[in-house]
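There are 2 protein chains.
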Amino acid sequence: VVFPSGVPLPRLPSPALQAESAAPSDRSGFLWLERLKVRIGGGEPFAYDVVSRKAVDAVVIAPHFERDGKRHVMLVSAIRVPLFTRGEAEPTLWELPAGLVEPGEAYASAAARELFEEVGAKLPESAMLQLGPNMYPVPAMIAEIHSFFHVEIDPDALVAPPGDASALEREQRRFPIALDEALALCASGDIRDSKTELALRRLKDIFP
Amino acid sequence: VVFPSGVPLPRLPSPALQAESAAPSDRSGFLWLERLKVRIGGGEPFAYDVVSRKAVDAVVIAPHFERDGKRHVMLVSAIRVPLFTRGEAEPTLWELPAGLVEPGEAYASAAARELFEEVGAKLPESAMLQLGPNMYPVPAMIAEIHSFFHVEIDPDALVAPPGDASALEREQRRFPIALDEALALCASGDIRDSKTELALRRLKDIFP
Numbered sequence: 074v075v076f077p078s079g080v081p082l083p084r085l086p087s088p089a090l091q092a093e094s095a096a097p098s099d100r101s102g103f104l105w106l107e108r109l110k111v112r113i114g115g116g117e118p119f120a121y122d123v124v125s126r127k128a129v130d131a132v133v134i135a136p137h138f139e140r141d142g143k144r145h146v147m148l149v150s151a152i153r154v155p156l157f158t159r160g161e162a163e164p165t166l167w168e169l170p171a172g173l174v175e176p177g178e179a180y181a182s183a184a185a186r187e188l189f190e191e192v193g194a195k196l197p198e199s200a201m202l203q204l205g206p207n208m209y210p211v212p213a214m215i216a217e218i219h220s221f222f223h224v225e226i227d228p229d230a231l232v233a234p235p236g237d238a239s240a241l242e243r244e245q246r247r248f249p250i251a252l253d254e255a256l257a258l259c260a261s262g263d264i265r266d267s268k269t270e271l272a273l274r275r276l277k278d279i280f281p
Numbered sequence: 074v075v076f077p078s079g080v081p082l083p084r085l086p087s088p089a090l091q092a093e094s095a096a097p098s099d100r101s102g103f104l105w106l107e108r109l110k111v112r113i114g115g116g117e118p119f120a121y122d123v124v125s126r127k128a129v130d131a132v133v134i135a136p137h138f139e140r141d142g143k144r145h146v147m148l149v150s151a152i153r154v155p156l157f158t159r160g161e162a163e164p165t166l167w168e169l170p171a172g173l174v175e176p177g178e179a180y181a182s183a184a185a186r187e188l189f190e191e192v193g194a195k196l197p198e199s200a201m202l203q204l205g206p207n208m209y210p211v212p213a214m215i216a217e218i219h220s221f222f223h224v225e226i227d228p229d230a231l232v233a234p235p236g237d238a239s240a241l242e243r244e245q246r247r248f249p250i251a252l253d254e255a256l257a258l259c260a261s262g263d264i265r266d267s268k269t270e271l272a273l274r275r276l277k278d279i280f281p
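Top to bottom, those sequences are chains A and B. If you count by our numbering, then the first sequence holds residues 74 to 281, one letter each, in order. If you count by our numbering, then the second sequence holds residues 74 to 281, one letter each, in order.
Rather than coming from a laboratory, the hints here were simulated on the basis of the structure. Keep in mind that a hint or two might mislead.
Because identical chains share one entry, a pair is satisfied inside a single copy or across any pair of copies.
Unchecked claim - Subject to a maximum C-alpha distance of 30 Å in a straight line, what follows is the list of computed DSSO-like cross-link-like pairs (lysine-lysine):
hint, residue 1, residue 2
1, 277, 143
2, 110, 277
3, 195, 127
4, 143, 127
5, 127, 110
6, 143, 195
7, 127, 277
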């Protein structure tokens with residue numbers, strides 16, 4: 074591991090982890106739980122639940138363009154069923170386009186596919202540029218990686234987004250907005266999705 | 074809803090969501106799955122899985138202090154079992170302290186408790202300052218909210234962190250680092266936890 078900044082994080086000894094399945098997992102649904110029995114070194118075993126699914130990783134895409142001398146981004150709306158279950162009055166969030174990476178699919182390829190499905194911009198995989206390192210959004214719960222991309226789009230050459238044939242994506246809407254305005258809406262709490270704020274902040278580093 | 078920036082996000086009509094349980098959920102473990110049958114308006118019902126647990130929300134704390142004229146933060150190490158299950162060679166991440174909010178517990182109170190457990194800094198709830206709006210880290214999967222705090226600590230007045238009595242926290246280590254160095258380690262991919270990068274970037278807005 075190289076630390077370009079010159080300050081190394083301490084290398085911790087790799088923990089002597091042992092994990093075995095404590096119960097068979099029912100993989101018939103979209104999500105499933107791995108019920109594990111974990112031991113560290115010679116310690117007492119403890120129970121640990123991990124969420125999993127067929128497609129574990131996801132891409133987050135910041136589609137952007139210049140208009141009136143200002144960098145803009147394209148947001149999309151997303152109905153989030155878990156918010157509905159906690160009684161949120163407004164279970165629709167404004168987010169950057171994102172989606173799951175199918176098993177065997179390259180991250181950049183998933184980004185190009187999701188960009189077309191959700192935004193209606195048909196661009197090759199080679200147009201997808203990495204937007205900073207991959208991150209773990211909730212590493213205590215699922216092994217999911219978020220891979221971030223940015224891509225210049227032509228807002229006058231978009232087609233109607235075909236979606237992914239799901240009922241949720243049929244309801245999806247697009248909204249173009251100046252990058253600085255989108256960041257202000259993160260600061261005011263109107264944009265409430267973590268990956269969206271993180272990607273917008275990384276994009277701002279590129280387009281100050 | 075007020076939009077201080079002057080640019081309103083479109084108000085989407087609240088989706089006519091109906092959700093009912095498609096199967097009883099086994100709540101005997103730490104995590105459980107709600108298997109839902111969801112309908113939007115008069116559309117066809119579709120299956121949707123939501124992860125839940127007793128303590129849904131979490132706090133993220135940025136403990137900071139000045140040393141040699143530079144703002145520093147205290148990171149902690151965290152063994153992340155899900156990373157181990159995907160075969161990650163290094164399943165230990167460097168993160169800001171964080172933890173679940175117990176049912177009925179105030180966010181600021183959870184932040185003060187977690188700060189003591191993980192960092193060994195005993196500070197009152199009133200010292201916990203909000204670090205930007207609450208966010209949804211993975212709103213397609215769980216209703217979890219992340220609530221962000223920052224707090225000035227005295228690095229010379231820390232006690233040994235008592236942890237939460239779990240085997241995982243017994244392995245936890247602290248590491249003080251300049252804020253700018255921590256941000257450089259996010260950019261280089263050495264810090265790989267989304268909430269940590271987001272909180273460090275928000276803290277940098279306060280301490281430029």
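Measure nothing new, just compare the shortest in-copy and cross-copy C-alpha distances for residue 127 and residue 277 to 30 Å and report within, between, both or neither.
-> neither (33 Å within a copy, 37 Å between copies)
Homo-oligomer pair classification [residue 143, residue 277; C-alpha up to 30 Å] = For residue 277 and residue 143, the Cα distance is within 30 Å both inside one copy (12 Å) and across copies (24 Å).
Within, between, both or neither: residue 195, residue 127 at alpha-carbon 30 Å = Classified as within; 26 Å inside a copy, 43 Å across copies.
Residue 110 and residue 277: within-copy, between-copy, both or neither at 30 Å Cα | neither (43 Å within a copy, 40 Å between copies)
Given identical chains, is residue 143 near residue 127, meaning Cα to Cα at most 30 Å, within a copy, between copies, both, or neither?
-> Classified as neither: same-chain Cα gap 40 Å, cross-chain 45 Å, threshold 30 Å.
At most 30 Å between C-alpha atoms: does residue 143 with residue 195 qualify within a copy, between copies, both, or neither?
-> Answer is within: at 23 Å inside a copy they meet the 30 Å cutoff, but 46 Å across does not.
Is the C-alpha distance from residue 127 to residue 110 at most 30 Å within one copy, between copies, in both cases, or in neither?
-> both (22 Å within a copy, 20 Å between copies)
Going through the hint list in order, the structure does not satisfy hints 2, 4, 7.
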